[in-house]
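Participant: Kindly produce the complete structure, drawing on both the sequences and the hints.
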Amino acid sequence: MPTGSLTGQVALISGGGRGIGREIAIGLAAEGMAVGLVGRTHETLTDTLKECVRHGARGVAVTADVCRPGSVREAVRLVERDLGPIDLLVNNAGLVDRAEVPLWETDPNQWWQVIETNLRGPYNLLRCVLPGMVARRRGRVVNLNSGFALRPDGHYTAYATSKGALLQLSDNMADSLAEHDVVVLDVSPGAVATDMTAGMPMFRDMKAWGSIPYMVAVTVDAARGRFDALHGRFIHAGRDDLEELVARADAIRAADARTLRLRPYKDDDPMV
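At the far end of the sequence shown sits residue 294, using my numbering, and the numbering has no gaps.
Calculated from the structure, these hints are not laboratory results. Heads up, a few of these hints could be off.
Each pair of labels, with its calculated beta carbon distance range [what the hints assert, rightly or not]: (1) Asp272 / His77: 30 to 38 Å; (2) Trp126 / Asp104: 45 to 53 Å; (3) Glu65 / Asp290: 56 to 64 Å; (4) Asp104 / Asp69: 14 to 22 Å; (5) Asp203 / Gly176: 39 to 47 Å; (6) Asp291 / Asp203: 17 to 25 Å; (7) Thr63 / Arg285: 40 to 48 Å; (8) Asp104 / Ala279: 20 to 28 Å; (9) His77 / Asp290: 52 to 60 Å; (10) Ala200 / Arg270: 15 to 23 Å; (11) Gly30 / Leu125: 41 to 49 Å; (12) Ala279 / His202: 21 to 29 Å.
Using N, Cα and C, we set each Cβ at its ideal position, and we do this for glycine too.
Facilitator: Okay, structure coming up:
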C-alpha cells in the first residue's frame, strides 16, 4: 500500500475548532503536518491550534464562514501565505437538522442552512483549493460524509440530502481529478460522540459509540496515500474492513462500486 511521510505537508481542516475536526487536526499535527484551521469560532480554533503547536507543528487559525465564498477565499489565501500550498483538504464543517420531524414540519431557514453548510461549504473550499492541487499535480481531499448519504431518513431530510449530494459531487469530480493526480474520498466516521450528535434525538440512548481516534487514524492514512486506489469512493470507517477494501480496490473500480448511482430496475431500463 502506498504510504509516505507527512512531515512538511500542509492540511486545511474546516470545522477544526471542536469535535472530529479538532481531533483530526491534532492527529495530523502529531504526524508532522502543518495545519490550517478554519471555522466560525475564534476561541475554539485557537485552543485547537495551541494543542497542535504542542506537537511541534506549524499552524494558523482563520475565522471564516464556509458558506461565504469571499470568506473562504480569504481563509485559503491566509493559510497558503503562512504555511504554503495545501496538500490535504479535510471538509469537516457540518450541521444537522435540529429536530427529528418530517419535512413539512421543518424550519425552512434551518433546513437550508444545513444544506448550505454541508454542500456549499465543501464546494467553496474545493473551488479555492483544487486549482492549486491541479496545477501542482498532487493533493488529497477527504470529505467527512455519513451513512445517511446512502439510506433515506424521513426525520433528518436536510442532513441526509446534503450528504447524498456531497457523495454525488465527489463522484462527479473523480474522473477529472484523476487526470491531475488529485484524490478525493468520502469517509464516514460512523456514530461518534460529538456536540452535534449529542443533540440528535436518535443518539440520546446510544450505548456504544464509534471511535474518534480511529477516524483520526483513517484520515492520517488517507493523507499518506493508503486509500488512493479507492479514489472517488465511499469508506465507512466505523464498519468497513479497510484492509479488505484496499486489497479489493481493483475489483471495486471495475464494478463501479462505492459510488452513489441510480440503479436500473431491469436490464433494458432506459435510464441506463
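Participant: Each hint should be assessed against the structure and marked as holding or not.
Facilitator: These are the hints, each one checked on the structure:
{"no.": "1", "hint": "Asp272 / His77: 30 to 38 Å", "result": "holds, 36 Å"}
{"no.": "2", "hint": "Trp126 / Asp104: 45 to 53 Å", "result": "holds, 47 Å"}
{"no.": "3", "hint": "Glu65 / Asp290: 56 to 64 Å", "result": "holds, 59 Å"}
{"no.": "4", "hint": "Asp104 / Asp69: 14 to 22 Å", "result": "holds, 18 Å"}
{"no.": "5", "hint": "Asp203 / Gly176: 39 to 47 Å", "result": "holds, 41 Å"}
{"no.": "6", "hint": "Asp291 / Asp203: 17 to 25 Å", "result": "violated, 35 Å"}
{"no.": "7", "hint": "Thr63 / Arg285: 40 to 48 Å", "result": "holds, 41 Å"}
{"no.": "8", "hint": "Asp104 / Ala279: 20 to 28 Å", "result": "violated, 40 Å"}
{"no.": "9", "hint": "His77 / Asp290: 52 to 60 Å", "result": "holds, 58 Å"}
{"no.": "10", "hint": "Ala200 / Arg270: 15 to 23 Å", "result": "holds, 19 Å"}
{"no.": "11", "hint": "Gly30 / Leu125: 41 to 49 Å", "result": "holds, 47 Å"}
{"no.": "12", "hint": "Ala279 / His202: 21 to 29 Å", "result": "holds, 23 Å"}
When held up to the earlier numbered hints, the structure conflicts with 6, 8 and fits the remainder.
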